[in-house]
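**Student:** On the provided structure of chain B, position chain W as indicated by the hints.
The lines below spell out each chain.
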Amino acid sequence: MPVNINRRKAIQSILIVSATAVLFPYCREADKSVMQLKNYNINSNQQDMLAELCESILPKTKNFIGAKDLNAHGFVLKMMDDCQPPEKQKLFTAGLKAFNDLCDKKFNSSFVKCKATQRNELLTQLKKGLNDEINTAAQFYGFTKVYTLQCFTGSKEYMTAIKKYKIVPAGNFKGCVKI
Amino acid sequence: MPDKNKFDAIVLGSGMSGGWSAKELCERGLKTLLLERGRDVKHLKDYPTTNMLPWEFEHRGQIPYAIKKENPVVSRCYAFKEDAMHFFCKDKEHPYVQVKTF
Chain B
1 MPVNINRRKA
11 IQSILIVSAT
21 AVLFPYCREA
31 DKSVMQLKNY
41 NINSNQQDML
51 AELCESILPK
61 TKNFIGAKDL
71 NAHGFVLKMM
81 DDCQPPEKQK
91 LFTAGLKAFN
101 DLCDKKFNSS
111 FVKCKATQRN
121 ELLTQLKKGL
131 NDEINTAAQF
141 YGFTKVYTLQ
151 CFTGSKEYMT
161 AIKKYKIVPA
171 GNFKGCVKI
Chain W
1 MPDKNKFDAI
11 VLGSGMSGGW
21 SAKELCERGL
31 KTLLLERGRD
41 VKHLKDYPTT
51 NMLPWEFEHR
61 GQIPYAIKKE
71 NPVVSRCYAF
81 KEDAMHFFCK
91 DKEHPYVQVK
101 TF
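Those protein sequence lines, which keep their order, are chains B and W.
For the first sequence, this note's numbering begins at 1 and goes up steadily by one.
For the second sequence, this note's numbering begins at 1 and goes up steadily by one.
Pulled out of the complex, with its shape left as it was, chain B reads as follows:
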């Protein structure tokens, strides 16, 4: 019966179209590992570089965790996204690119592939430019350093293991002892 076949075909095509409509947004999201931000975008290479930079600022040691364990680069990106005005966000993203370019020019390699000594050399150079507003690479480094340290010193791991954080900082109160 031709009518039935047509109906079957029509249902089939509707199913295909709706399935595509549902799946399409997921196919477009090519890189799910990149953090989704509200006010600016970064790619996965930049995110990896930032993670390495944070780890260079606060490396993991034998005794204690480092920046990567705390996902410090995620905190840096979040704070830049939520708590900084648009002009600072622009400075940060421009600085991120400048930082990459500088590293590429200096060592002919990406920061991720640089050796620890090369990384330190670059960061020592940038430290001198922290007060120079035109030095966007140094400004980017400055933001990253501040938020990495804040992430670390404000983390549960640091505050409980190193600072011995207590919700009530007083000594033990003994009601039976007269003051």
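Note that these hints are calculated values from the structure, not bench results.
Possibly wrong hints are sitting among the right ones.
[Said to hold, decoys possible] Covered stretches of chain B (chain W as the covering partner; in silico rule of three or more C-beta atoms under 8 angstroms from a C-beta of chain W): (1) 80-89; (2) 172-179.
[Claimed, not checked] Below, in silico cross-link-like pairs of lysine-lysine (DSS-like), each with a Cα-Cα straight-line distance of 27 angstroms or less: (3) B:K78 / W:K81; (4) B:K90 / W:K45; (5) B:K178 / W:K81; (6) W:K4 / W:K45; (7) B:K178 / B:K60; (8) W:K92 / B:K145; (9) W:K45 / B:K88; (10) W:K45 / B:K156; (11) B:K145 / B:K113; (12) W:K45 / B:K145; (13) B:K97 / W:K45; (14) B:K60 / B:K38; (15) B:K105 / B:K128; (16) B:K38 / W:K45; (17) W:K81 / B:K38; (18) W:K90 / B:K88; (19) W:K6 / B:K38; (20) B:K156 / W:K90.
Predicted model only: the values in this text are computed from it and were never measured.
Think of the CB as a built atom: it goes at the ideal place given N, C-alpha and C, for glycine as much as any other residue.
**Tutor:** Just chain W now, with coordinates in the frame of chain B:
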């Protein structure tokens, strides 16, 4: 006849200091008026951040830029932070008119 609108003491704000002052004044027999513009804050249920630990705050206490921009007046208060901002009347709720600075 004593004036209905005359008071021995008027306390502005029923916070920790104001509330206590009003109590002491009343106990000493003064006719006291306590003024409070904020909502009734119920014990426990209206303190959503009181049991949070410092690292549990999304921005470690800092106010996001968008909220700061929307609330230029209350943002000037030292206590307008992630842990206590729900206690503040937002600038939109109580628009603040300042013809000139004091």
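**Student:** Which hint numbers doesn't this structure obey?
**Tutor:** 2, 4, 5, 6, 7, 8, 9, 12, 13, 14, 16, 19 and 20
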